[in-house]
Amino acid sequence: MSTKRIMKFEIYRYDPDKDERPYMQKLEVELQPTDKMLLDALVRIKNTVDDSLSIRRSCREGVCGSDAMNINGKNGLACITNLNDLKEPVVLRPLPGLPVIRDLIVDMTHFFNQYHSVRPYLINNTPPPERERLQSPEAREELNGLYECILCACCSTSCPSFWWNPDKYVGPAGLLQAYRFLADSRDEATSERLDNLNDPYRLFRCHTIMNCTDVCPKGLNPALAIGKIKEMLVRRAI
Amino acid sequence: MVAVKKSLPRRKFDVVVVGAGGAGMRCSLQLAQAGLSVAVLSKVFPTRSHTVAAQGGVSAALGNMSEDNWLWHMYDTVKGSDWLGDQDAIEFMCREAPSAVYELEHFGMPFDRNPDGTIYQRPFGGHTANFGEKPVQRACAAADRTGHAMLHTLYQRNVAARTQFLVEWMALDLLRNDEGDVLGVTALEMETGDIYVLEAKATVLATGGAGRIWAASTNAFINTGDGLGMAARAGIPLEDMEFWQFHPTGVAGAGVLITEGVRGEGGILLNKNGERFMERYAPTLKDLAPRDFVSRSMDQEIKEGRGCGPDGSYVLLKLDHLGAETIMKRLPSIREIAIKFANVDPIKDPIPVVPTIHYQMGGIPTNYHGQVVDWVNGENKVVNGLFAVGECAATSVHGANRLGTNSLLDLIVFGRSTGNFIVQQHLERQHTHQPIPEHAIDFSLDRVARLEARTSGERTQEVADGIRQSMQHHCGVFRTLKLLREGVDQIEQLAKQAEHIYFKDKSKVFNTARIEALELANMVEVARATINSAANRTESRGAHALSDHPERDDVNWLKHTLWYSDGNRLEYKPVQMKPLTVESFPPKARTF
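Read top to bottom, the protein sequences are chains A and B.
Residues in the first sequence are numbered from 1 upward in steps of one, following our numbering.
Residues in the second sequence are numbered from 1001 upward in steps of one, following our numbering.
Keep in mind the hints are simulated off the structure, nothing from the lab.
Hints are supplied without guarantee of correctness; some may be wrong.
Unchecked claim - Here are the simulated BS3-like pairs of lysine-lysine, each with C-alpha atoms no more than 30 Å apart in a straight line: (1) A:LYS218 <-> B:LYS1496; (2) B:LYS1348 <-> A:LYS4; (3) A:LYS18 <-> B:LYS1348.
Claimed, not checked - Anything over 12 Å on all C-beta distances counts as not near chain B; from chain A, calculated: (4) GLU20; (5) GLY97; (6) ASP184.
Even glycine gets a Cβ: it sits at the ideal position worked out from N, Cα and C.
Please put together the full structure from these sequences, using the hints given.
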């Protein structure tokens, strides 16, 4: 005798071609024994219940950042969210605060514009040596907790300051990356980077609400990085 | 169709790059920096490309840990390829490796460091000192997130260079004129559902692999062989498609990759008797033998009843003896993966692993400049306007089996050199865009329109599942002619079914059902190429292990397979045994 494993979902749906307004679709899906993660269930829904459900997904192992969404009220990655940890009905909504393109797919333009705005690339105008630039293990360790960011946007879209000013406030992810370069011993643009963030909005809309750190699926700490940038600005001013 | 055609939006570029993974973005960087107008298409935001999931390292004979030499690297790669690799391309790759890696570091890639500040290098399968004498530390690593670090660094440099990306666009078909020149592509803008003609003086395919034709793979959903499908439909052959790498350590039941770097740091494989069985199969290199070797050994252990678990269906990867500190420092990412997907903390317990499809050695044939070549009258004939780089290309540096860390290297060396070649060619030719014949565009639009029009028929994922089950069953680690021939028939049947797929959702905006249906056509070409090529190679070489012909046969089979979609026909061309400047490495017995 086999027990059917049925799970209940409520999923945010919106097709701009058809729908006047978004709605929550209630559905049930029969899961297979191999379906362990939320993404497995979503793929099962697409293949057996409703092929019109549009989601972003790629690696299915939590490294690419495609399938970030709001799961039972908290942002996370569908592919590393275990189905056993989810209360039913599982309520899925798009990442908060960004315009919805369709269903669970949001327009990431503001998010990526903010990332680009911090000049997220190493700036070193000294001619490089023939081999690698040397960097001590201690200096390299400073990058831990920063370079691992997968740009999934769970943090920035859980931040009320980002919700209110996505075009002016850089947001946790962008600021974490700004700090990644501020902290890199090989970078020479410290002064300009700090200038770039020194206005009422870009950095200082952070009020240490801390949703970002709470929600990061990779265990990173944007709030701490932002604190370190503020500290650098203070030191510079003294 | 006429009305649609006339209103089809068109854009013109110097170069269109299809795919924004490591190879695509390394190539686009050269183009953007040279001031060419380039558009990089990607089905996903660039940093989502599957390069991001690569873990272990990128190889280069830097000699930071002990003496090393690019010639040893070249030898290891030739032997790793079981002598099917083209030695001119392999020499080029291994010789350029140090400069390509140093350049990445200058770009800001956060490599792990030694106490003296140099880049940390770890041991890796098949990489040896002094032509096979003992393992050498050649894999330059960023923890076990080397692919992530590399891809993000390359994207960052492209941001600095202001490269234009067309994000969430899917390329559909190559556009060729009657002389066979490639003049651009048709492409679907996923957000709007609009189809464009993108005219380009050079088109670079960098679409990665096609692991999703298999039931279990380490690959992402997006790896559906799109570039290969486009090339096959355009009459270009696919090379060496029978050679697919089963990575020894995919998490049993989940397929997620656990890097070879675990074994590089000292991890070992155990059977149910707690025996380190690789000592038997590869006395010198043991767990660091090349991947095809290790996968076969594991498969054998499982077949002979020494597998672990309730079904005896996997073996164990033990690394607790490395100590928590080393694991947290060098292998933090795979620890997370083991906890999430195998319910196991490797600091305490071994990880259940099985050979899992990982990499496609074959692909679109190119010379070492990245130019796509057809085989005409016994000669390589360049297809004007078309290039291919990365996993989708067969240069061929990996031959019948790829060494770990050589793929990330392949991406940056050939991404860069192909970009440079295109810049050089562009400066010399300075020609205008050639007119594209309407029938080329029609072919693409009609194909899509037929798919669109169907309101009943087969379901995309059912046909795709059929292909996946068939490939896994008929074309596994150990193959037999009987199974392969069954596979040929079954794939042909599934190919026919694929011509009748439909999807219910006909909306325009970000319609993923449509994307998946379009991907299926590409997967079908790859599956046909693979199974037909495999069923005809009556020898064992590298990753193609045929029980009916267990020996390598250099007399009859030292040649590349070329599969043509039209007529499902096979041709062969010789391996390039002559390197660029050094002595050739003649075929030898491949033991470890």
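Hint check results:
1. A:LYS218 <-> B:LYS1496: violated, 44 Å
2. B:LYS1348 <-> A:LYS4: Given pair B:LYS1348, A:LYS4 is violated - Cα atoms ~34 Å apart, limit 30 Å.
3. A:LYS18 <-> B:LYS1348: Violated: A:LYS18 and B:LYS1348 sit about 53 Å apart, past 30 Å.
4. GLU20: holds, 14 Å
5. GLY97: holds, 18 Å
6. ASP184: violated, 7 Å
In this structure, the hints that do not hold are numbers 1, 2, 3 and 6, in rising order.
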